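Below, each chain spelled out in residue letters.
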Amino acid sequence: MSIAQELAGPVFRRGPSALFWPRTLITGWFFQLKMQAQSGFMVLTALVQPLIFASIAMTDQQAGNRTLPLLYFALGAGIMGIWSTVVFGCGGVISWQRHQGMLEPLVMAPSPFVLVLLGVTLGTATVGLYSMGATLLWGWLVFGAHMHFAAPLLFVAAVVVTVVSLGLLGLVLGSSFVLYRNSNAISNMLEYPVWLITGLLVPLSLLPGWTHPLAYLLAPTWGVQALRAAAIGGDSAKPLMWCAVVSVAYLLLGVWLVRVVERRARQHATLNFQ
Amino acid sequence: MSGLALAGSNRSHFWRVFFIGGLISYRALFYWISPWQYIPTMLGAPLFQILFFVYLGRAAGVGSTNFFVVGNSIQICSMAGIYGMTMAIANERSFQTLSPILATPSNRLALFLGRGLPVLITALQTCLFGFLVSALLLDFRPSLPDLPGLALAVLVTSASCTGFGMALGSIGLRVRDVFLVSNIAYFLMLLLCGVEVPIGRLPLALQAVAQLLPLTHGIAAGRALAAGAGFLSTVPDILLELLVGGAWAAAAYLLFAYFERSGRRSGAFDRL
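For the protein sequence lines, the chains are A and B, in the order given.
Start counting at 1 in the first sequence, then tack on 1299, and there's your number in the numbering used here.
Start counting at 1 in the second sequence, then tack on 180, and there's your number in the numbering used here.
FYI, nobody ran anything at the bench for these hints, they're computed from the structure.
There could be a bad hint or two in this list.
Stated by the list, open to error - Going by beta-carbon spacing under 10 Å, a handful of chain B positions derived as facing chain A:
#, residue
1, Ser-214
2, Arg-321
3, Leu-371
4, Pro-378
5, Ala-430
6, Tyr-433
All figures in this text were calculated on a predicted structure; none of them were measured in a lab.
Idealized CB from N, CA, C, for every residue including glycine.
If we strip away everything but chain A, and leave its shape as in the complex, we get:
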């Protein structure tokens, strides 16, 4: 088959069509995972920063008069790391592809653009798992946190659902931030408020009531509740279910936003507009 015939055909659609979408997704996810693991900034975000925050929280906890278990803070700091990788890695995902000169080829390719982006955002959220492992290990080794998991299988399920949910939230961030030229500044600002209102280190009951509806819309709130319930004890089914529900909402919103952005960029010929 000549190159012209190759290009005229469905280049990326060989093999059973049912496998096309999962294959595109998995390839994008794996490629992103490898790329992010090479980035010094991402390693800092996913490893060093969560360890520092976990150390602060656990030292304060040991000095204070409350009785929350250290595992509570180790898990919260782990999700903080995942959120940081998502907000920095996914927030500028479209802008980054544009900066690299990859946006036009990606939009032009036969693969649905949203599927490519989804692989990227899920890969970025998965890199955040480093922080979860690191904070648990740090808590155990340095602070003597008791690492007993009440429901290990539910814990693993909660980790998977939380990472997927944050990856889908990353898709929403990435596709909405593209309309804002200074998306990195928004990313800089979004770390602390989400850490705070989703109850990652501070129990929601200590926060003003008006923050609770906002917290319920955000995946980290349900993710950390599911993880804590599975690890420390409690009902993890309800937060897991809500984590899945908000994930579906993020997926629908993300797909819609990507379509809007793609269509507008094509109409106004601003796909590669910096």
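Given the structure of chain A, go ahead and fit chain B onto it with the hints provided.
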């Protein structure tokens, strides 16, 4: 002949490079200067940082609100000091403008220190904002007679962080990814300098490291003033903070001079 030997003797030339050169460098190299960057990064993030740690303290049942307000409101000056100075020096290399600058006969001290002044002003603005929002949202009320002392502690700490940032920026003349170094330094200072955790809670080795870092003594002075200890009792801490900052600034200048000389020898100023 080395660039240092070419230092200009004309006093007006020195101040022109110091003020005008410093301002132009700041406008050219400080990423966050536009309001769209400045407001979310230099005001929004510090505001939420203060709130986050105040609530974390409440959750752990440790420290008072004032402990975290003073610690974080002073610490946020290091954002401008560290990142701003890193940008003001190391970005010359990233933007490939280092060689032309070092080819000029400008006084190196003026060239170097002039970049610190706008950064210092930015750091002060950030601190002031931190204290103002803390007064509005967290009921932070220092006593009026202690305000001048607190302002002095903030000024000295901001200058000290700027000196530390100069050192990191100078390292950026050689290290490829200096922002990684700056990021690690910034976050480690949260843990080590008594911002969120009383220094006495840290292992002894880390307590010793904390004494050599900016922020540590300035925050201690700020907290004492906010608690009404009186200015005189904080003078030693303020002087120590000044000493630490001066030492970092001197180290930064020596590093800058060393990297300039070695860059001239190897012809590798802009090598990325």
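Status of each hint after checking the structure:
Interface hint status for Ser-214 (chain B): upheld, as the beta-carbon distance to the closest one in chain A is roughly 7 Å, under 10 Å. Interface hint status for Arg-321 (chain B): violated, as the beta-carbon distance to the closest one in chain A is roughly 21 Å, over 10 Å. Against a cut-off of 10 Å between C-beta atoms, the interface hint on Leu-371 (chain B) holds, since the closest Cβ of chain A lies about 5 Å away. For Pro-378 (chain B), the interface hint holds, since its Cβ comes within 10 Å of a Cβ in chain A; the closest pair sits about 7 Å apart.
Because the closest C-beta pair between Ala-430 (chain B) and chain A is about 28 Å apart, greater than 10 Å, the hint is violated. For Tyr-433 (chain B), the shortest C-beta to C-beta distance to chain A is roughly 27 Å, which exceeds 10 Å, and the interface hint is violated.
In this structure, the hints that do not hold are numbers 2, 5 and 6, in rising order.
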